[in-house]
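Chemist: Protein chains in written order, with this note's numbering: chain A, 1 to 343; chain B, 1 to 343.
Hint data in this document are derived by calculation from the structure and do not stem from the laboratory.
Source: prediction; values computed, not measured.
Every residue, glycine too, gets a C-beta built ideally from N, C-alpha and C.
Among these hints, one or two may not hold up.
Unchecked claim - Per the computed footprint, the stretches of chain B lying under chain A, defined by three or more beta-carbons under 8 Å from a beta-carbon of chain A, are: (1) 117-125; (2) 136-146; (3) 214-223; (4) 238-252; (5) 285-296.
Stated by the list, open to error - Derived Cβ-Cβ restraints for the label pairs, each shown as a range: (6) B/Glu320 <-> A/Asp145: 42 to 50 Å; (7) A/Pro51 <-> B/Asn124: 19 to 27 Å; (8) A/Asp145 <-> B/Arg223: 36 to 44 Å.
Said to hold, decoys possible - A short list of chain A residues far from chain B (calculated; beta carbon distances all over 10 Å): (9) Arg111; (10) Asp122; (11) Asp151; (12) Met181; (13) Gly229; (14) Glu239; (15) Gly249; (16) Glu259; (17) Asp260; (18) Leu289; (19) Arg293; (20) Asp323; (21) Glu331.
There are 2 protein chains.
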Amino acid sequence: MSQGSRYAAVPYEHGASKRPCPQPRAASEAELFAMSLTVVGSIAFDSVRTPFGERERMLGGTSVHFSLAARFFTEVRPVGPVGEDFGDAEIDVLASRGVVVDDIERVPGGRSFFWRGRYEYDLNVAHTEDTQLGVFGEFEPKLSDASRAADVLFLANIQPDLQRQVRSQCPQARFYALDSMNLWIATARDSLLAAISEVDCVIINDAEIRQLTGESNLARAARTVMEMGPRAVVAKQGEYGAALFTDGGFFALPGFPLEDVRDPTGAGDSFAGGFLGYIDSHEGEIDDLCLRRAMGYGTVLASFNVEAFGTERVASLTREEIDERFDQLREMTNFDILPASAR
Amino acid sequence: MSQGSRYAAVPYEHGASKRPCPQPRAASEAELFAMSLTVVGSIAFDSVRTPFGERERMLGGTSVHFSLAARFFTEVRPVGPVGEDFGDAEIDVLASRGVVVDDIERVPGGRSFFWRGRYEYDLNVAHTEDTQLGVFGEFEPKLSDASRAADVLFLANIQPDLQRQVRSQCPQARFYALDSMNLWIATARDSLLAAISEVDCVIINDAEIRQLTGESNLARAARTVMEMGPRAVVAKQGEYGAALFTDGGFFALPGFPLEDVRDPTGAGDSFAGGFLGYIDSHEGEIDDLCLRRAMGYGTVLASFNVEAFGTERVASLTREEIDERFDQLREMTNFDILPASAR
Numbered sequence: 001m002s003q004g005s006r007y008a009a010v011p012y013e014h015g016a017s018k019r020p021c022p023q024p025r026a027a028s029e030a031e032l033f034a035m036s037l038t039v040v041g042s043i044a045f046d047s048v049r050t051p052f053g054e055r056e057r058m059l060g061g062t063s064v065h066f067s068l069a070a071r072f073f074t075e076v077r078p079v080g081p082v083g084e085d086f087g088d089a090e091i092d093v094l095a096s097r098g099v100v101v102d103d104i105e106r107v108p109g110g111r112s113f114f115w116r117g118r119y120e121y122d123l124n125v126a127h128t129e130d131t132q133l134g135v136f137g138e139f140e141p142k143l144s145d146a147s148r149a150a151d152v153l154f155l156a157n158i159q160p161d162l163q164r165q166v167r168s169q170c171p172q173a174r175f176y177a178l179d180s181m182n183l184w185i186a187t188a189r190d191s192l193l194a195a196i197s198e199v200d201c202v203i204i205n206d207a208e209i210r211q212l213t214g215e216s217n218l219a220r221a222a223r224t225v226m227e228m229g230p231r232a233v234v235a236k237q238g239e240y241g242a243a244l245f246t247d248g249g250f251f252a253l254p255g256f257p258l259e260d261v262r263d264p265t266g267a268g269d270s271f272a273g274g275f276l277g278y279i280d281s282h283e284g285e286i287d288d289l290c291l292r293r294a295m296g297y298g299t300v301l302a303s304f305n306v307e308a309f310g311t312e313r314v315a316s317l318t319r320e321e322i323d324e325r326f327d328q329l330r331e332m333t334n335f336d337i338l339p340a341s342a343r
Numbered sequence: 001m002s003q004g005s006r007y008a009a010v011p012y013e014h015g016a017s018k019r020p021c022p023q024p025r026a027a028s029e030a031e032l033f034a035m036s037l038t039v040v041g042s043i044a045f046d047s048v049r050t051p052f053g054e055r056e057r058m059l060g061g062t063s064v065h066f067s068l069a070a071r072f073f074t075e076v077r078p079v080g081p082v083g084e085d086f087g088d089a090e091i092d093v094l095a096s097r098g099v100v101v102d103d104i105e106r107v108p109g110g111r112s113f114f115w116r117g118r119y120e121y122d123l124n125v126a127h128t129e130d131t132q133l134g135v136f137g138e139f140e141p142k143l144s145d146a147s148r149a150a151d152v153l154f155l156a157n158i159q160p161d162l163q164r165q166v167r168s169q170c171p172q173a174r175f176y177a178l179d180s181m182n183l184w185i186a187t188a189r190d191s192l193l194a195a196i197s198e199v200d201c202v203i204i205n206d207a208e209i210r211q212l213t214g215e216s217n218l219a220r221a222a223r224t225v226m227e228m229g230p231r232a233v234v235a236k237q238g239e240y241g242a243a244l245f246t247d248g249g250f251f252a253l254p255g256f257p258l259e260d261v262r263d264p265t266g267a268g269d270s271f272a273g274g275f276l277g278y279i280d281s282h283e284g285e286i287d288d289l290c291l292r293r294a295m296g297y298g299t300v301l302a303s304f305n306v307e308a309f310g311t312e313r314v315a316s317l318t319r320e321e322i323d324e325r326f327d328q329l330r331e332m333t334n335f336d337i338l339p340a341s342a343r
């Protein structure tokens, strides 16, 4: 049975009664979910224009980019609503690649989240031209038992009260992470601070860490966030890479150097997917070494993401390509290992 | 004999006849210079205001920051003019720390280069409020035999034709590097391209590499510069650190994370001083491993530079502090070595 048909067999409905009543599960089945990753965030269509081309209504959204990256490491379950415009072809992009689509809810009569944006020459800033929330505007996350049983939970960039609702439905995860954005920092600050206090890790753009804390110094800003509860802060820095702050120290990776960058949309989400996917696949303690390697996988997945429009590159990626680039990245950041060509 | 009095014993004059006629030197003396580093750039007074304080007419300028960083690794000789306002106290900051000040020329009746700038809250952009070239406006570099005998030559950010003049006076260096800036890219582009073609390494802000090449992609921009002649390109990225491009590969280091940054003025020059100072001290081939370690020392010296105003921190620095931070930096960028506190 393909995973696409598994999705099709679950006729979710919208509203308070939209979820089928949870069925009792055998313990042995529940245990199967003990190594899985749930992500709650947008599932969308994106129209994007960059200096290197444009695409209309590509499959996109945080959960999509995240899931396509994380699926290389673990079982990943995106949770969220889509509209009737979201067809089996879109579902199949995920399902045929092992993403568990049971908790993607197709809302009758609804329209999917839509984003239109463009990038200038330097690709660093996304200029939003249109955002239509569609079914996402009335999203009330209710997780299936399988999604609740997540080992790792990622609260993508949604309203912080929704993040907290989802968090409360997943009491037994061993690692919680969230992302946020300037909108929620400005309009729902107290809720966001409460949400942050309930997670292990904040993954956020460096400008937003500064905005959140009022600290222009990144090291101080990260420490301020850690004092709210999280034990790790990942500052995403666009083309400059990402930095990890923990009690144990500091770690940073450059963006993987690419001569051809076509579309940065979703890079941060692919980063988070590689980062948390690796963490979920890691059997031992989630220590600093685990987090550093996760940074490496996040960086690698983000780099593939930007090589083509939308999900094109990550959808066609192989684990071998990931591991090869991971090894290249290690080599590029090591003082003592020479590049192969110079040995 | 203090080095301060050595400076005072050389009454240079201004203009075409300003340099004493080079005296023949014994071969044995010339050999003493075989491991030395010459830098040609500004020697200045800086007035700086940041959110953390302000200082009037501090000792500054590229050659000063560069030399105070490079002196930990090798014999360094700044070349350039100062005015009568540049007193023995300023000279002594350099000379008492082992910087060879013989080629600092005090111009009778002249005023030293002066820069006034301020930084906003985020410390990333210097806003220039005043620049007075003073004696630098008529600078015609003529190097002493000792400076000509440099093993490594740094052509700091001066007019590219002057860079070429200096380059032609130092035929036997084993490593040539230059810096430049948006002004010369815009106003003296052909000269700059010629100057670049004559060096081994370009050390420049990433925005300026893009401006120089018209390539917004940094990896392509660096390759374009290497196609002009240099075998290495260092892209300085401010708080994000620096990236090294060579034929052998790519290497990058984050800025050293600091919770207290007081004044970024001179950070790039201290970077170059640590980078080229280490290279000059390196006895073997200047290969990729040497360049990577040099990136580490550059990063470390830049990080100390910004901890206090002007030259305050680097002037009081010890080699032990440098090596300790270098080891911390290695640890912060390694996938496999855990931070000491987490072992």
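Chemist: If a hint holds in the structure, say so; if it doesn't, say that too.
Modeler: Status of the hints after comparison with the structure:
1. 117-125: With 3 residues close enough to chain A, the hint holds.
2. 136-146: violated (count 0)
3. 214-223: holds (count 6)
4. 238-252: holds (count 12)
5. 285-296: Held - the region 285-296 of chain B has 6 residues with a Cβ nearer than 8 Å to chain A, which meets the minimum of three.
6. B/Glu320 <-> A/Asp145: 42 to 50 Å: Since the Cβ atoms of B/Glu320 and A/Asp145 sit about 59 Å apart, the hinted range of 42 to 50 Å is violated.
7. A/Pro51 <-> B/Asn124: 19 to 27 Å: Between A/Pro51 and B/Asn124, where Cβ atoms are some 25 Å apart, the hint holds.
8. A/Asp145 <-> B/Arg223: 36 to 44 Å: Given range 36 to 44 Å: violated, Cβ gap about 53 Å.
9. Arg111: Its Cβ never comes within 10 Å of chain B, the nearest being 35 Å, so this holds.
10. Asp122: 5 Å, violated
11. Asp151: Per Cβ check, A/Asp151 is outside 10 Å of chain B; nearest 22 Å; holds.
12. Met181: 19 Å, holds
13. Gly229: Check passes; 19 Å lies beyond 10 Å.
14. Glu239: 7 Å, violated
15. Gly249: Answer for A/Gly249: violated, closest chain B Cβ roughly 3 Å.
16. Glu259: 5 Å, violated
17. Asp260: Not fine: 8 Å to the nearest Cβ puts A/Asp260 too close to chain B.
18. Leu289: Violated, since 5 Å does not exceed 10 Å.
19. Arg293: 6 Å, violated
20. Asp323: 13 Å, holds
21. Glu331: 7 Å, violated
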